[in-house]
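Student: Single-letter residue listing:
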Amino acid sequence: MRKIISIVLLGIVALGIILSLARIPFGVSKTKVGGYYIDKGREETGAANIVTSIVVNYRAFDTLGEITVLFIAAVGLGAVLSTRKKHKREQDLEPASLVLYTGCRFLFPLILLFGAYIFIHGHLTPGGGFQGGAIVASAYLLIYLGCRGRRIPEAGTKVIESLAGLVFVVVGLLGLSFGGYFLLNFLPKGTPNVLFSAGIIPIVYIAIGFKVGSELAGIIDNLMEESR
Amino acid sequence: MIYYIGAFGLIFIGLFIILVKRNLIKVIIGLSILDTGVNLFLISVGYISKGTAPIFSKPGIESARMVDPVPQALVLTAIVIGVAVLALALSLAIRLYHHYGTLNLRKIKEQRW
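Protein chains in written order, with the numbering used here: chain A, 18 to 245; chain B, -6 to 106.
Each hint should be verified, as a subset may be incorrect.
Here are the computed lysine to aspartate or glutamate pairs in the DMTMM-like style, where the Cα-Cα straight-line distance is at most 20 Å [stated by the list, open to error]:
| hint | chain 1 | residue 1 | chain 2 | residue 2 |
| --- | --- | --- | --- | --- |
| 1 | A | Lys49 | B | Glu55 |
| 2 | A | Lys175 | A | Asp238 |
| 3 | B | Lys51 | A | Asp238 |
| 4 | B | Lys43 | A | Asp56 |
| 5 | B | Lys51 | A | Asp56 |
Just so you know, the hints here were simulated from the structure itself, not pulled from any lab data. Note that the structure is predicted; figures quoted are calculated from it, not measured.
Please put together the full structure from these sequences, using the hints given.
Tutor: The structure is reproduced here in structure tokens:
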């Protein structure tokens, strides 16, 4: 009964969406602002990756709000899980085999290096702070799953997260003091397609990478602590 | 057009799971599928036929065939936020399980505090 009602409801919604989407052409350019970013983005921001120039330059204030949402979700998860009494029920888990343990310890720095590469080169290649941060957090997930008993210090992730957020806001305020508006790209743009180019974009994206990485690592830490 | 069908297929699968299933973990899985479908729909709105990624990686790339970068920039942050919100939902599920001893929504509704 419940399934039939759901299917009927979804069918009505689907009909409405089909009727409205049939008028929109597929595969052609629909917005003018996207074309403007593609045409002018490289001269105005110095970044070869237009998506990065939108995320960190044209709409950097929006990105600041979005990493705040991420921060609030991480804090909420910590608050929800930490109200339980910490029961020390250290089960004697079987230690991982030598091959698994050594493999994890071997791969961990390489994954960290790859994540750092992704977020440092965010303005040149596909990638950036969000993706690089997720890769860094996956390295910590590997440590938690593979090498049991090891854990990241909780205070360390908090400090890195706060410092990275502070760097973002301070760079924005420096733009305000130099040129008159928040998150102005006040550093020299340099030549495109070079690592040291695009003004504040690499700095802000590295800060975002550290912030996302430490937040996701903190989330993993909280969830693994709960399952123990 | 196949992208729209795929995206809305995922969205309706997710909505159907949310409406029908009674296990909270399955509802959260449905939310995740719904999230993926919405992201895919946003990306496919910005698609241009035979387009390339909006990155000037080599000197001589023409800009006329680049896909719309704005939906990509929006989805980029939405994916990471989706992961964090999923983790928050799972933590609430963990708390509910410790409180009620079940994840079945029907049984949780019957119980009083």
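Student: All hints, please: hold or fail.
Tutor: Consistency of the hints with the structure:
Distance restraint check for A/Lys49 and B/Glu55: the Cα-Cα separation of roughly 17 Å lies within the 20 Å cut-off, and the hinted pair is therefore satisfied. Under the criterion of a C-alpha separation no larger than 20 Å, the hint pairing A/Lys175 with A/Asp238 is consistent with the structure, at around 12 Å. The suggested pairing of B/Lys51 with A/Asp238 is violated, with an alpha-carbon distance near 41 Å, which exceeds 20 Å. Distance hint between B/Lys43 and A/Asp56 is fulfilled; the C-alpha atoms sit about 18 Å from each other, no more than 20 Å.
With a C-alpha separation of about 15 Å, the suggested pairing of B/Lys51 with A/Asp56 holds against the 20 Å cut-off.
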